[in-house]
Structures are given as structure tokens and as C-alpha cells.
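Novice: Knowing the structure of chain A, use the given hints to seat chain B on it.
For the protein sequence lines, the chains are A and B, in the order given. According to the UniProt record's numbering, the first sequence is numbered sequentially starting from 1. According to the UniProt record's numbering, the second sequence is numbered sequentially starting from 1.
All the pointers check out, no bait thrown in.
Label pairs and their computed distance ranges (CB to CB):
no., chain 1, residue 1, chain 2, residue 2, range
1, B, Leu-46, A, Thr-24, 58 to 64 Å
2, B, Arg-376, A, Lys-275, 34 to 40 Å
3, B, Gly-233, A, Thr-24, 50 to 56 Å
4, A, Lys-275, B, Glu-175, 43 to 49 Å
Partial chain A-side listing against chain B, Cβ under 8 Å, derived:
no., residue
5, Val-31
6, Pro-39
7, Arg-99
8, Pro-101
9, His-102
10, Lys-133
11, Thr-226
These are calculated hints, taken from the structure and not from any lab test. None of the values given here were measured: they were computed from a predicted structure. Backbone N, C-alpha and C define an ideal beta-carbon position, used for all residues, glycine too.
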Amino acid sequence: MKRWTWLAGALVATLVAGCGSAGTPVDPAPVGSVQRPMPGGTDVSGKIEQGGSDAPNCNPQQSLRPDDSMPPGSTMDNIKKRGYLIAGVDQATNLWGFRNPHTGELEGFDIDVVKEIAHDIFGSYDPNTIRFKAINSSERETVLASGDVDVVVRTYSVTCERLQKVAFSSVYFEAAQRVLVTEKSGIENIAQLGGKKVCAAGSSTSVNRLAEAKPKPEPVVTNNWTDCLVLLQQGQVAGVSTDDTILAGMTEEDPATRVVGPQLSEELYGVGVPKGNEDMVRFVNATLEDFRKNMWRDRFRHWGLQRVLGDLTPPQPQYR
Amino acid sequence: MTSTVTRHGPEVQQPESGPEPAGEPRGGRSGFAWLVRLPSAAVRGLRRSAATTPGRLTLISAGLALLALLVGTVAGAELGERKATIDGLVDHREPLTAAAQEVYRSLSDADATAAGTLLNADSEGIALRDRYDLDVARAGAALAKAASASAGNPAAVAQVDVLSRQLPVYTGLVETARTNSRQGNPVGAAYLAEASQLMRSEILPAAKNLYEIEVERLADEQDDAASVPWLTGLLALALLAALIVTQVHLKRRTNRVFNVGLVVATVAVGLAVLWSAVAVTIQSVLVSSGQSSGSEQTDVMVRARIAALQARADETLTLLARGNGTAYEEEYQASIQRLSGGNGQGGFLGEARDGTEGLSAADHVDAAIRSAGAWREVHGQVRNLDNGGRYEDAVELAIQTEGDEGATAAFTRLDGDLARGIADSRQLFLDDTTNGSRVLTLLSPGFAVLSLVAMLGSILGIRERLREYR
Numbered sequence: 001m002k003r004w005t006w007l008a009g010a011l012v013a014t015l016v017a018g019c020g021s022a023g024t025p026v027d028p029a030p031v032g033s034v035q036r037p038m039p040g041g042t043d044v045s046g047k048i049e050q051g052g053s054d055a056p057n058c059n060p061q062q063s064l065r066p067d068d069s070m071p072p073g074s075t076m077d078n079i080k081k082r083g084y085l086i087a088g089v090d091q092a093t094n095l096w097g098f099r100n101p102h103t104g105e106l107e108g109f110d111i112d113v114v115k116e117i118a119h120d121i122f123g124s125y126d127p128n129t130i131r132f133k134a135i136n137s138s139e140r141e142t143v144l145a146s147g148d149v150d151v152v153v154r155t156y157s158v159t160c161e162r163l164q165k166v167a168f169s170s171v172y173f174e175a176a177q178r179v180l181v182t183e184k185s186g187i188e189n190i191a192q193l194g195g196k197k198v199c200a201a202g203s204s205t206s207v208n209r210l211a212e213a214k215p216k217p218e219p220v221v222t223n224n225w226t227d228c229l230v231l232l233q234q235g236q237v238a239g240v241s242t243d244d245t246i247l248a249g250m251t252e253e254d255p256a257t258r259v260v261g262p263q264l265s266e267e268l269y270g271v272g273v274p275k276g277n278e279d280m281v282r283f284v285n286a287t288l289e290d291f292r293k294n295m296w297r298d299r300f301r302h303w304g305l306q307r308v309l310g311d312l313t314p315p316q317p318q319y320r
Numbered sequence: 001m002t003s004t005v006t007r008h009g010p011e012v013q014q015p016e017s018g019p020e021p022a023g024e025p026r027g028g029r030s031g032f033a034w035l036v037r038l039p040s041a042a043v044r045g046l047r048r049s050a051a052t053t054p055g056r057l058t059l060i061s062a063g064l065a066l067l068a069l070l071v072g073t074v075a076g077a078e079l080g081e082r083k084a085t086i087d088g089l090v091d092h093r094e095p096l097t098a099a100a101q102e103v104y105r106s107l108s109d110a111d112a113t114a115a116g117t118l119l120n121a122d123s124e125g126i127a128l129r130d131r132y133d134l135d136v137a138r139a140g141a142a143l144a145k146a147a148s149a150s151a152g153n154p155a156a157v158a159q160v161d162v163l164s165r166q167l168p169v170y171t172g173l174v175e176t177a178r179t180n181s182r183q184g185n186p187v188g189a190a191y192l193a194e195a196s197q198l199m200r201s202e203i204l205p206a207a208k209n210l211y212e213i214e215v216e217r218l219a220d221e222q223d224d225a226a227s228v229p230w231l232t233g234l235l236a237l238a239l240l241a242a243l244i245v246t247q248v249h250l251k252r253r254t255n256r257v258f259n260v261g262l263v264v265a266t267v268a269v270g271l272a273v274l275w276s277a278v279a280v281t282i283q284s285v286l287v288s289s290g291q292s293s294g295s296e297q298t299d300v301m302v303r304a305r306i307a308a309l310q311a312r313a314d315e316t317l318t319l320l321a322r323g324n325g326t327a328y329e330e331e332y333q334a335s336i337q338r339l340s341g342g343n344g345q346g347g348f349l350g351e352a353r354d355g356t357e358g359l360s361a362a363d364h365v366d367a368a369i370r371s372a373g374a375w376r377e378v379h380g381q382v383r384n385l386d387n388g389g390r391y392e393d394a395v396e397l398a399i400q401t402e403g404d405e406g407a408t409a410a411f412t413r414l415d416g417d418l419a420r421g422i423a424d425s426r427q428l429f430l431d432d433t434t435n436g437s438r439v440l441t442l443l444s445p446g447f448a449v450l451s452l453v454a455m456l457g458s459i460l461g462i463r464e465r466l467r468e469y470r
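This is chain A alone, in the form it adopts within the complex (with noise of 0.2 Å):
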């Protein structure tokens, strides 16, 4: 008898010991966190390689008095030669300088200006009288100095300190710099950015005032204006900050998006020249003097960007 309840005692303690937790179950293919892509060359560091701003002061609006003489021997003389102007310019932003996706052409306003160049040069407009080359902003300065190009326009906006090294005819547009956020984000003006990751592209103006600003956005530097607009859409930063000119060009591809908050500088765009080629400064400035009288409105409307920018007038011209 004791026998019999010693053996029912052991295999009772087997069976409970059989019944205890095994520890957790195992997850088979642990994910922790997942981190999004990023367009190559996108900077999170929050480091801005601020231009060094000891150019001495100048009102960079003034510019060579327009003329539209191509004498032999000429800037102009020598591109009618060759058959074919060059033009530096933008080919991803759109409203000012993209590749139609559907045609794959080359449009925008800074298209458009480059056209009225060339009609002027070579007497009518013809396609096979321009070849583009599409530059970054980084580039724009190198490949005037090099000769590359006869012309940069590309949202070029004229300072002192680019002064140093290119020429630029008189202002053709005025542009602000403002922010870009998500509608539903709530966000008003910059002063609401501050500790948010906010967009710009490398060497522009527009980064250096990121870094001014006060309370300080966390800046993050991409190659191209488009990749901040990928960034804004895929949640990894809060705001872009660039001329409203190409926030425009962004709200119209994604209408979710809007320009908010005061100007926070002015922008002055021209057309970049190589420095010395003083003849052409002169010939684009009469291009741009019949540009603006004749043609400006028609082109603004085109792009649809008095829908960001409102009513807009032709800058008057400064000449010294």
C-alpha cells in the first residue's frame, strides 16, 4: 500500500513539472525599427558650411546698362558662329526648370527666359539653337567660371558675395523665402519649425538663413529642392525652406502641402554670365527689357504662380 502512494506520488510530481511555463514564446524574425530611405546625399548632421559673408557691401540689384548690338568679334557674335547657345539650368524644379515627365522636355520659367536669349541672339526661336545642361545649384558658379556655359539661369539669386565671381544681368523676378509644411501639421511661421527638422538644399541661399534663424530649425541638406519635397511627403522632416518661386513649383505637385509664414529675405534672381563677358550682361539685360514688358505677365500666368505668390509685377530694372 505505502508502495502504491509513493509511485502515484512521483508520477504526479512528473506531470506538474511537465505543466510549469516554458519561458516565452520565441519570435521567429525580430524587427525592431524600421528606418526609411533617404535621397542619396541627404546631410541629417545639422551642419551647415556657412559661405564666409566678408564680401564687401553692393546693391546687387544694379546691373550693365542693356545693349543689343551683336558687333563681330562678340560674346554673342561667337555663339551665333557656333550655332548654338549654352545654357546652365535646372531640369527638377518644377514651374521653373523640369523635364516634363510626359515629354521629357525641357520647361519653366527660367526655360522660357533662356528661349527669349537664344530668339534674341539668333534672330528666331529655334529648338536646335539651345543645349541645356543641367547643373546643381553647386555647380552653378564652377561652370561659369570654367566657360562651360554662356548662361546660368536657374533661380539664381544675385549677391555680393557671387558677385566676386560671376556677373549677373539686371533682376528678372523677386522672390521671398518662406516655409513649406504640411497642411495638417497647423504650422504658421518659421518661429514654429524651431527644433524641427526643416529642409534646403546645399549651397544656396537659402540654408544659410535656416542657420539664422531664431528659435534654430535643425537643418537638413539635400543635393536637390525636389529630394526636400520627397523628405516633406515621407514625414522625415517638418518643413521646407527655399524661395516661395519654387514652393509654388512643390504645392502644385502635392496639393496637401502650403507656403506658409513672412518673407524671411528677398531674392533677386538673374541671370548668371561668366564674370568678364560684359557684352553679354549688356545683350541679356535689352533680352530681359522686352522680356518684362512683353512677355512676363503672360509667362507668370502660364505657370499658374499667382496661385502661391499673388499678383505679381515685373521688377523694375537698376542699372548703374
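Specialist: Positioned in the frame of chain A, the structure of chain B alone reads:
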């Protein structure tokens, strides 16, 4: 005769149970104590047996039989495993290497093709889109195959993990790019560049690592299959030597030149040694040739093909890149350098040409070198057009699928040449390795039978002598 064997039988298996001191109880109540004393008792028993001639002969007979048994067992195991390794090369290892290669290749091709689908939206765009879809489907299927085999190899598991996680992200970005382009939003190109960046910075390196891990595993197993089976060889030679020494010993003792059993045993072992030496040599040569002319050339051509694909992706992305295309152009030059060297004769293609000399793949490699040269020329024209501002013409020359002049045609020829070269090399590997396996088919059972003959021969041969002491 039979009764004699039975009488001596237990003595063969348990020499220690032979003559033992009288009065010493065997087993019984103090069984444990007996077990402890067993070794010393055995040694004592052996020494006593060796003191007499019949005892010594019994011991020699037992030793020879045991050695023959050992040789048979070891050879059966070692040669059987060797054959299994070779069969595994053909059935598992090489197909898995091919799966890893397919992952790497189809992903590289997807990267090269996706850019093209955005560069032209017409009918050519649809053809490219089909190609992209096929690439993604192939990559997914091959990845599942590679994943099933990566278990147990942490390095391979890590690569498969990256690939499985990032591939859906990549395809998502490409679709976002496509949708935006369809709606006329230039931001589509930015999404495509982001997708390509993800592909190049994370997905392709993982695919490359996975492929390299598989190639290394294949080479390791090929080396294993071509190594010398030392244990079998040494044991078989030892048995042979023991048999000869025994016969010399018996001849001195008994003045009889031949002992039929021992002679049969010696011949059997000699035959087994000779057979295995020849078979293993032929098999090793075949497996090595399958490696050097087959799988190693496949590897070189696969690398060439992938370098070409990456160069192709760089070529199209240079055109698509918004302004900063110079970086892609530099990468194109680096990829082309890897593909065919500075003069068009070196690089992976040059390596493949040297490696496949005289083989069936040589023609395809030569054709690939010519196609690569033609492609380089067209690429130069594309760059000149683009740099001269004639972007549309450059895209036309780079993307157009009709005619033989474009970069697409040249690249497609190159890719086809390499694909055919790879198919030939894989076939060579398969033929050589399968033949190597066939050489071993009968060796393992044959060796076992011959060892058995040797065992019986030595037992029976010595029993013949023992009978003379009765």
C-alpha cells in the same frame, strides 16, 4: 571444420576470456569487481597467450580480422560521405549558388531597368516595365530559395534578412516614382533616385555578400570532395603491410611459402587500394576540373555580367539624374573598368577569356568582349550628345530598343553573350562533377566486399596453421 571455428570463435572476439587463473570466478556475484579487473586480466591473458605459438597465431589472426573490419567500415563511411558530398554539390550547393546569383543579377537588372521606364513612357516603356516586373519576380523567387538554404549560416541569414526587408521598400519607391511621373510631377525622378540609392547602398551589397558566401561554400565543398581520403588510405596500407609481415613471419616459422587464405586476403586488399587510388584520383581530377573550368569560370562571368548591369544602370541614371549626373558617370567608368579593364581586354572579361581558353564558353566570352567594346563606343557617343546639350538625342541613343546601333542593343548583346557563357560553364561543372560521382558509385560497396574477403582470408588462413598444432 565448422566445429573448430565455433570453438575458437569466442576466443577471437574476447581474447581475455581465454585461459584464466583457476578459482577466479567469472561474472557471478562480484560482477562489478570483475569488470574493474577486466583490463589487467585481459593484458595478463594476452601476454600468456603470446608466449605460446598457437596463442600468438590466434592473436595475429584476430588482429588481422579486426583491422580488415576497421578498414572496411572506415572506407565505407569515408568514401560514402565523399560521394554524398559530390552529389550534394550538384543537387544542392551549386543550384543555391545559382539562386544567390539570380538574386544579385535580377536586382541589378531591376535597378538598370527602372530608370529606363521613367525615361520613356511610350511602348518602349511598357517593354521595359515588363522586364522590370520579371526581374522583381525572379529576385523574389530566387530569394526564397536562397533563404531556405541560409539556415545555420549566420552571415547568410543576415544578408537574406536585409534583402527580404528592403526589397518591398524598393518596389514601393519605384511605384511612387512611376505614379508621380504619370501625373506629370517632376518629383517622380527624385523618388526613383532614392529607390536607386537604396538599391545601391543596401540591397545590392547584401545580394553581393550572399552570392560571395554561397560561392565560398561551393568552393569549400569542392575542395573537400577533391581532397585525399587519408584515413582510408593509411588504414588500407597498414592492413596490407600487416598481411605481408604475417606471411613472412609464418614462412620463417613453418617453412611454407604460401598460405592460400592470407594470399587471397593480400590480393583483395591490394585490389581495394589500387581501385580506390585510381577511382579517387579520377574523381578528384573531375571535381577539380568542374571547379576550375566550370564553377570558377561561372563566377568570373557572373561578376562580369553584374559589372555590366551596374554600368548600364549608371548609364541610364546619368541621363535621369538631375544635374549631378557626373557621379553616376564616374561610377559607370569604374564599373566598365571592372568589366573589361582600361583597354577593353582586361577586367573580368579578360580573366574569363584566359580561364575559358579551349572550352566551349570561349566563343561566348570573345563575343562578349566585342559587344563590350561596341557598347563603350556607343556610350562615348551618348555622353558627347548629352554633354553637348543634345539631351533628347542622347536618351534616344541610350534607350532605343529598335535597331542595332543603340546602347541598349550593345548592352543586350553583351548580357546575352555572358548568359550563354555562364550556361556553358554551369553545364561543364554539372557534367564533370556528375561523372566524378559516378566513378565512386561502386567503390564504396566494392571496398566493403574486398575488406570482408580480406577478413575471412586472414581468419581461415591462420586457422589452417593452427590446426597443425593439434
